[in-house]
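A.B. asks: Residues per chain are reported as follows:
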Amino acid sequence: MKAQRRRLGFNWRGLVLPLVFLLSVELIAMASTIERDAFAAPSAVLAAAIRTLHSGAALRATSETLITAGSGLLLGFVIGLIGGIPLGLFRRADQLMMVPLESLRPVPPVALIPLSLLIFGFGYAMEIAVVAFAVIGPIFLMTRSAIRGIEPQLMEVSQALGLGLIARVTKIVLPAILPRIFVAFRIALGIALVVAVTVEITANPLGLGYAMTIAQQSLQPDLMFALLLWIGLTGWSLNALLLRAESRLFGAAA
Amino acid sequence: MAPAPAAADPVLAASGVSLDLGDTAVLRDIDLVVARGEVVCIVGASGCGKTSLLRLLAGLLHPTAGAISYEGYPVRRPRSDIAFVFQDYGRALLPWRNAAQNVSLALEAIGVPRLARGKRIEELLHKVGLDGHAEKLPRELSGGMQQRLQIARCLAQEPSVLLMDEPFGALDAMTRQALQDETLAIAAASRASIVFVTHDLDEAIYLGDRVLGLAGSPGRIGETVAVRLPRPRDQLTTRENPEFVRLRRALHDFIGTVQSDRHAR
Amino acid sequence: MSRRERLFWTLASVGLAVLIVMAVVKISEMRLVPPVFLPPPQRIWAALMKGLTTGNLAQMFLATIWHMVIGLSLAACLGVGLGAMIGTSAKARAYLMPTLEFLRPFPSSAIIPVTIAFFGLTETMMLAVIAFGSLWPILMATIHGFVTVEPRLKDVSRALGLSRRSAMMKIALPHAMPDILAGMRIGLVMALVLATVGEMLTGRNGLGQALLLAARSFRTADLYAGIILLGVIGFASMLIFDRVERRLLRWRS
Numbered sequence: 001m002k003a004q005r006r007r008l009g010f011n012w013r014g015l016v017l018p019l020v021f022l023l024s025v026e027l028i029a030m031a032s033t034i035e036r037d038a039f040a041a042p043s044a045v046l047a048a049a050i051r052t053l054h055s056g057a058a059l060r061a062t063s064e065t066l067i068t069a070g071s072g073l074l075l076g077f078v079i080g081l082i083g084g085i086p087l088g089l090f091r092r093a094d095q096l097m098m099v100p101l102e103s104l105r106p107v108p109p110v111a112l113i114p115l116s117l118l119i120f121g122f123g124y125a126m127e128i129a130v131v132a133f134a135v136i137g138p139i140f141l142m143t144r145s146a147i148r149g150i151e152p153q154l155m156e157v158s159q160a161l162g163l164g165l166i167a168r169v170t171k172i173v174l175p176a177i178l179p180r181i182f183v184a185f186r187i188a189l190g191i192a193l194v195v196a197v198t199v200e201i202t203a204n205p206l207g208l209g210y211a212m213t214i215a216q217q218s219l220q221p222d223l224m225f226a227l228l229l230w231i232g233l234t235g236w237s238l239n240a241l242l243l244r245a246e247s248r249l250f251g252a253a254a
Numbered sequence: 001m002a003p004a005p006a007a008a009d010p011v012l013a014a015s016g017v018s019l020d021l022g023d024t025a026v027l028r029d030i031d032l033v034v035a036r037g038e039v040v041c042i043v044g045a046s047g048c049g050k051t052s053l054l055r056l057l058a059g060l061l062h063p064t065a066g067a068i069s070y071e072g073y074p075v076r077r078p079r080s081d082i083a084f085v086f087q088d089y090g091r092a093l094l095p096w097r098n099a100a101q102n103v104s105l106a107l108e109a110i111g112v113p114r115l116a117r118g119k120r121i122e123e124l125l126h127k128v129g130l131d132g133h134a135e136k137l138p139r140e141l142s143g144g145m146q147q148r149l150q151i152a153r154c155l156a157q158e159p160s161v162l163l164m165d166e167p168f169g170a171l172d173a174m175t176r177q178a179l180q181d182e183t184l185a186i187a188a189a190s191r192a193s194i195v196f197v198t199h200d201l202d203e204a205i206y207l208g209d210r211v212l213g214l215a216g217s218p219g220r221i222g223e224t225v226a227v228r229l230p231r232p233r234d235q236l237t238t239r240e241n242p243e244f245v246r247l248r249r250a251l252h253d254f255i256g257t258v259q260s261d262r263h264a265r
Numbered sequence: 001m002s003r004r005e006r007l008f009w010t011l012a013s014v015g016l017a018v019l020i021v022m023a024v025v026k027i028s029e030m031r032l033v034p035p036v037f038l039p040p041p042q043r044i045w046a047a048l049m050k051g052l053t054t055g056n057l058a059q060m061f062l063a064t065i066w067h068m069v070i071g072l073s074l075a076a077c078l079g080v081g082l083g084a085m086i087g088t089s090a091k092a093r094a095y096l097m098p099t100l101e102f103l104r105p106f107p108s109s110a111i112i113p114v115t116i117a118f119f120g121l122t123e124t125m126m127l128a129v130i131a132f133g134s135l136w137p138i139l140m141a142t143i144h145g146f147v148t149v150e151p152r153l154k155d156v157s158r159a160l161g162l163s164r165r166s167a168m169m170k171i172a173l174p175h176a177m178p179d180i181l182a183g184m185r186i187g188l189v190m191a192l193v194l195a196t197v198g199e200m201l202t203g204r205n206g207l208g209q210a211l212l213l214a215a216r217s218f219r220t221a222d223l224y225a226g227i228i229l230l231g232v233i234g235f236a237s238m239l240i241f242d243r244v245e246r247r248l249l250r251w252r253s
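Chains as they are written, first to last, in my numbering: chain W, 1 to 254; chain R, 1 to 265; chain G, 1 to 253.
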């Protein structure tokens, strides 16, 4: 075997591919006259990004997306939680609800876009509804499994102490599942953002998805790519933020 | 200590072998010759490099200095003549293949045509006492049976040398004894040499023609003992043989000195 | 819970579902909710039947399935193929993983405007989007599966002298199968979602387009019928997938 290569502090090789790619795209853009409808030099993309951030357009669109995603997330989160707790605690109730819930599960949230459009028309309400629907399912499942995963001794303790149902839920169940609920929230946030952007691209004229569509339709590929990167950055940083909070608050318990 | 007999008909040899892994010196100046049909046992405390030595002999590791040779030819990579039996049999068997298919893997690797495989597999499973279990998945077999299956797969290579890395360490005492005897019988029947690594002194003396004590950090061969006990070995009588007891005491003392050296340092 | 108890509650669950449907019938009869939002279930059923027999729902249904299957197959071939190559080569991983990890968080639907820019509102664009969206989970899961091959099995494959190709097909691939299948499951979900979205955007044949048209002309019963069919696709595809997975992973306890 070759002797173990000394681990460098930083993986320089990882940068090779992106740099080569960006450089070649830049050179092609400068040198040729390829149709500029879909193609944009990295420098142009960067310029467009700065422009749109500076003008406030990107931030406005971002706030629209975040508001709808956030509201839908909160709505779906609360419903999923409220539904998931009793079904996690009581096996019988869970079995009882099985058929109705399993019938709803396979429906992809995007299928509700036209329905939501019909009921609410364009705007915030429609998107919030779709996001909420998309989030309820995963939150519900994660809550239920979090409750199932509670240390059985804890439940015995609550019985031994003679706690009533409300007290049991608030004093024992909720604190016990708090770390996992936080994780579920973080995951649901990712889902909410993706669904929100999808709704905006497909049907709804607001937010970052719509801004991207407009950029594409008005043949501004540099702006389109800039927005794409911005969407990625937003999602990534929100996730990173929550991860940081998670480890701060819960450490190894998460 | 009786000196090691001159190796007649050497099959596998390590000369002046040293091994460094990263910054750690694992083995130093290892000289060892295995004769055809000989059973050589290597004992030592954990971490003294026994497993590394075996891997060097197998061609799974390259020495930092010195050379390994098989029948005079340098060993640079694993060869089908040298089979390796791993201690963690559960992880060395393919869980998605049944017993017969696991043995088949070795035959496929050598290039035995499909039609010829069936018969060979049957023979091999019979040799290790697993007939009737051909269709079972590894997880459906007991620990002892899994190890037998691994041995069967190694035998499929028709090896001249069997390298065994504490193969019975994870098994209960009864299974261990049964497998010790089976291994000796198989080796005798096929005239294969065995290099057997273990930390169990009794096992080493029971099985071996020679026992090498590996000790220190980096590991060196500190003691070589010839085992002149009658064959075939027997679990009861051999272990009661005064020579057995003497050898055990001698090796025990050796390990003891090594341990106290280590602690003194 | 005993078998009998479980059976009882399952039946009760079916009963509950029936009750819910009857309640919806009642609600729409009493016009508590405007029928344009929630038509009576009988009408939904009628629309479903009519659409499947004389209408074009069956055609749309098959079109969506077709898009899903093509896109997913492409993604699976690429994902497993590339994943195997990247997963088995430490060098490839050093060069590629940072880029892959960078691209991972991007929502696949955000790629849509880019693909439209390149391909226009065509079938190709739709398949590209589906393939790209499904590719991601399959690729990452495959890489992970190949990277985490039991090191002892790697020893065994070397000791037996297996060729690189043999080692990959006989040891690495079966070992990575659970991971690959987990990735494919996610890819399957993505394929359905992106097929639907793609059809809505491009207006090409498929349930997505059917849903959008129904919504625009306020044919709510047809809309619900379409949603039901999408649910059926989701349900059936998961069922088939579970079957296949169970068969392939029979060796796991």
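Check before you lean on any hint, since a few could be wrong.
Stated by the list, open to error - If the Cβ cut is set under 8 Å, some of the chain G residues that face chain W in the computed set are:
| no. | residue |
| --- | --- |
| 1 | Leu16 |
| 2 | Ala23 |
| 3 | Val24 |
| 4 | Val25 |
| 5 | Met97 |
| 6 | Pro113 |
| 7 | Ile116 |
| 8 | Gly161 |
| 9 | Pro174 |
| 10 | His175 |
| 11 | Pro178 |
| 12 | Ala182 |
| 13 | Phe218 |
| 14 | Leu230 |
Claimed, not checked - Non-contacting residues of chain R with respect to chain G, defined by C-beta distances greater than 12 Å in every case (computed):
| no. | residue |
| --- | --- |
| 15 | Arg55 |
| 16 | Asn98 |
| 17 | Pro242 |
Please keep in mind that the hints were generated in silico from the structure rather than gathered at the bench. By construction, the Cβ of each residue, glycine as well, lies at the ideal position given by its N, Cα and C atoms.
A.B. asks: Against each hint, give a clear statement of whether it holds in the structure.
C.D. replies: The hints, checked one at a time:
{"no.": "1", "hint": "Leu16", "verdict": "holds, 6 Å"}
{"no.": "2", "hint": "Ala23", "verdict": "violated, 11 Å"}
{"no.": "3", "hint": "Val24", "verdict": "violated, 11 Å"}
{"no.": "4", "hint": "Val25", "verdict": "violated, 15 Å"}
{"no.": "5", "hint": "Met97", "verdict": "holds, 7 Å"}
{"no.": "6", "hint": "Pro113", "verdict": "holds, 4 Å"}
{"no.": "7", "hint": "Ile116", "verdict": "holds, 6 Å"}
{"no.": "8", "hint": "Gly161", "verdict": "violated, 16 Å"}
{"no.": "9", "hint": "Pro174", "verdict": "violated, 25 Å"}
{"no.": "10", "hint": "His175", "verdict": "violated, 22 Å"}
{"no.": "11", "hint": "Pro178", "verdict": "violated, 19 Å"}
{"no.": "12", "hint": "Ala182", "verdict": "violated, 16 Å"}
{"no.": "13", "hint": "Phe218", "verdict": "holds, 7 Å"}
{"no.": "14", "hint": "Leu230", "verdict": "holds, 4 Å"}
{"no.": "15", "hint": "Arg55", "verdict": "violated, 8 Å"}
{"no.": "16", "hint": "Asn98", "verdict": "violated, 9 Å"}
{"no.": "17", "hint": "Pro242", "verdict": "holds, 40 Å"}
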